[in-house]
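Quick note, the sequences are listed as chains A and B, same order. When we follow this note's numbering, the leftmost residue of the first sequence carries the number 1, and every step to the right adds one. When we follow this note's numbering, the leftmost residue of the second sequence carries the number 1, and every step to the right adds one.
Think of the hints as simulated: they come from the structure by calculation, not from any bench. Where a beta carbon is used, it is the ideal one built from N, C-alpha and C, also for glycine. Honestly, I wouldn't trust all of these hints.
[Claimed, not checked] One side of the interface only, derived from the structure: several residues of chain B facing chain A at Cβ under 10 Å:
1) Trp5
2) Ala25
3) Leu36
4) Thr45
5) Ala66
6) Arg67
7) Val87
8) Val88
9) Val89
10) Ala92
11) Ala95
12) Ala100
13) Leu101
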Amino acid sequence: MNRTESSPRVRDGARLAAPLAVAVAAFGLTFGVLSRDAGLGTVAAVVFSATTFAGSAQFAAASVLSAGGTLAAAIAAAVLLNARYLPIGLSVAPALRGPAWQRGLRAQLVVDESWAVSHLGGGRYDPRLLLGAGLTLYGAWVGGTIVGTLAGSILGDPETLGLDAAFPALFLALLAGQVRGRRGVVVALLGAGIAVSLVPFVPVGLPIVAASVACLLGLRGR
Amino acid sequence: MIDAWVLVAVVGACTIALKSLGPLAIGGRELPRPVLGVVAFLAPTLLAALIVTQTFADGRHLTLDARAVGLAGGVVAVILRAPVLVVVVVAAGAAAATRALA
């Protein structure tokens with residue numbers, strides 16, 4: 001990815017996000033299919049994608065309901081998985097200027113993939129890349145959900161296609177672009193270690209938030 | 001059906017709030033230098049945590065299943081500098097093949 005240009009444009013964000021959008025559309029399609037099994041209903045599933053716009057939380061909620069879990073458990077899993085958007089929102093805040101309504105609206109386009117793509121390095125984010133990537137991924141996610149809810153059972157069980165393994169692989173590809181230098185590798189491994197070791201002990205979602213403790217290594221000077 | 005709409009409304013409202021809180025509170029202003037140093041490592045940390053939990057967790061249990069084989073395939077593809085979509089397809093294919101053979 002070429003980031004040597006001084007001022008990236010919105011369409012650069014869209015271009016960077018294009019291959020991710022193909023995968024995200026496939027995930028959206030899968031979510032649409034799974035949400036039927038979860039008894040979510042077509043319109044509710046699409047509204048869910050359009051307002052929450054966070055795949056992992058939506059999948060978690062749908063899978064809790066499909067497995068016969070309670071409404072409260074589904075809500076808790078989804079909200080805890082999205083708790084990471086609090087620090088993520090903080091990280092992009094300096095890049096978002098303008099009136100409050102505009103900042104709030106643009107913040108909704110932040111999703112793991114658009115966030116990673118708009119990272120210039122060193123904790124600085126580009127608002128135009130974020131806008132271009134966010135809009136592209138939003139269209140892919142909501143569009144994929146619509147097709148999935150309509151096409152439904154024609155597509156069969158997503159697990160036989162290995163789509164559940166496609167998720168972490170997409171994040172892996174994003175991670176490869178984020179790890180800069182030895183300290184980047186150390187914090188990534190530390191974050192992974194914290195998350196995995198907490199899985200048996202705390203509710204779903206919290207291990208991811210707790211992993212951000214690894215970032216405190218960034219307090220030490222270079 | 002009512003349950004579905006409660007889920008959509010509560011999760012939607014919480015997520016919108018979580019995403020916009022930072023930008024609404026400090027939008028446009030620079031983060032203090034020490035905070036920026038921490039934020040710089042947020043992306044690799046959270047992505048790494050998402051990868052391992054989505055691969056090795058099943059609810060609150062740690063498991064080793066076809067997803068791990070898929071991730072291993074993805075690691076090879078990343079090392080070979082394959083494009084993102086190839087990484088995703090290789091991982092899905094490896095997991096699907098493992099399930100078909102098992």
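Now for the hints, and whether the structure bears them out:
no.: 1; hint: Trp5; verdict: 6 Å, holds
no.: 2; hint: Ala25; verdict: 7 Å, holds
no.: 3; hint: Leu36; verdict: 5 Å, holds
no.: 4; hint: Thr45; verdict: 4 Å, holds
no.: 5; hint: Ala66; verdict: 7 Å, holds
no.: 6; hint: Arg67; verdict: 4 Å, holds
no.: 7; hint: Val87; verdict: 4 Å, holds
no.: 8; hint: Val88; verdict: 5 Å, holds
no.: 9; hint: Val89; verdict: 8 Å, holds
no.: 10; hint: Ala92; verdict: 4 Å, holds
no.: 11; hint: Ala95; verdict: 3 Å, holds
no.: 12; hint: Ala100; verdict: 8 Å, holds
no.: 13; hint: Leu101; verdict: 12 Å, violated
This entry does not satisfy hint 13, going by the numbered hints stated previously; all others are met.
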